[in-house]
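Trainee: Residue numbers (the UniProt record's numbering), protein chains in the order written: chain S, 1 to 214; chain U, 1 to 214.
If you're looking for bench data, these hints aren't it; they were derived computationally from the structure. Don't take each hint at face value.
Since the list can't tell identical chains apart, any single copy or any two copies may satisfy a pair.
In silico DSS-like cross-links for lysine-lysine, where the CA-CA straight-line distance does not exceed 25 Å [what the hints assert, rightly or not]:
no., residue 1, residue 2
1, LYS134, LYS156
2, LYS10, LYS178
3, LYS78, LYS94
4, LYS94, LYS49
2 protein chains.
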Amino acid sequence: MGLVILGASKATCTQRILATLIEKGVTDYDLKTVDMSVGEHKQPEYLKKQPFGVIPVLEDGDFLLHESRAICYYIASKYADQGVKLLPDAIDLKGNANFQKWASVERDNWDNYASPMVFQKIFKVMRGGSPDPKLLEHYEAGFLPKLDVFEGILAKQQYMGGDEFSLIDVYYLPYTQKLFDAGYGHFITDRPHVKAWWERISRRESWQKVLALP
Amino acid sequence: MGLVILGASKATCTQRILATLIEKGVTDYDLKTVDMSVGEHKQPEYLKKQPFGVIPVLEDGDFLLHESRAICYYIASKYADQGVKLLPDAIDLKGNANFQKWASVERDNWDNYASPMVFQKIFKVMRGGSPDPKLLEHYEAGFLPKLDVFEGILAKQQYMGGDEFSLIDVYYLPYTQKLFDAGYGHFITDRPHVKAWWERISRRESWQKVLALP
């Protein structure tokens, strides 16, 4: 029996998983759409699987897992021997510590700003709200100096986890893509090394396939 | 040669590492204080080790690592065979995926609110600023429904990573402690299962020793 993903093909965190599946060459999976327009993600049956009421969830037989990055990690570990190598070997002490380091950098210094900015400019608007200028200003002011540090980091390494494409880069894909949709593409394109990195990872066949999904 | 931690004994993210060292029974380490009052963390020499200019950094011989949770992870992995077991075995596929899940829950649903609230109420004030009521309201409004989900989770399991104390709980220690200092202790104590969990982990000898450090 293959993997089941409860999510939505156009949802950021589901896209992160789909990109991982493609990179690993995993085809034996089923994406079951959670209909958020009717609040399916807030129903008791779903909340048993994901108590915070957000997508996605992975089902692998009777093994249930939520949190998109953890799901990507599970897929990259389970299918370690096929597709693109996305994680260090399980017994590589320093490699795994570095993975944790770069994963933490993504959360603290990128996602912590990109996600709420995208929320204000896109998801809140989809729900009939309007972006809060003060909050946008707050997050932008925090993000800009971090972006300059990333420019320095990417002057020294090709990818966000080191010199090879890895799961760390997959973590960045959906919300960086959405930064462009939210009108913040210049945050990326104004910085030559960040721009070159983004082109390297976003032009990969996996991500282009994810974006092309209906 | 032992580990070197560049940090400060009263700084939240350094405390996370110190608690891990104590839980693992690691005594062969040296805490070198980074003097943030004179901006040592923004000097070129330090920025070579931590480009974002924050503490802490770990040095283990010529292996350098930043990001406090990654440092804790490294210590818990390197000293897997001693002290309290804090991590799944390296080859435990589902155990490690669950670790990633619960670590992600800590970032997204707790730290994303607790850290900026503590920043507004404590660290900003230490630097001569004053808390921004609108930002506090924004973060509080996001945190409260999450806390209610945590109450449900902790009704079913004793610890934040499952039924045993683990590195996941260590991740929560410093900022949950600071929530009390920031006047948000009722967020914890109003919820019986969250309160009981907090008492279980904060009364551990390791955390009490960390708090007692000069």
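Trainee: Which hints from the list above does the structure break, by number from lowest to highest?
Mentor: Result: hint 1 breaks, nothing else.
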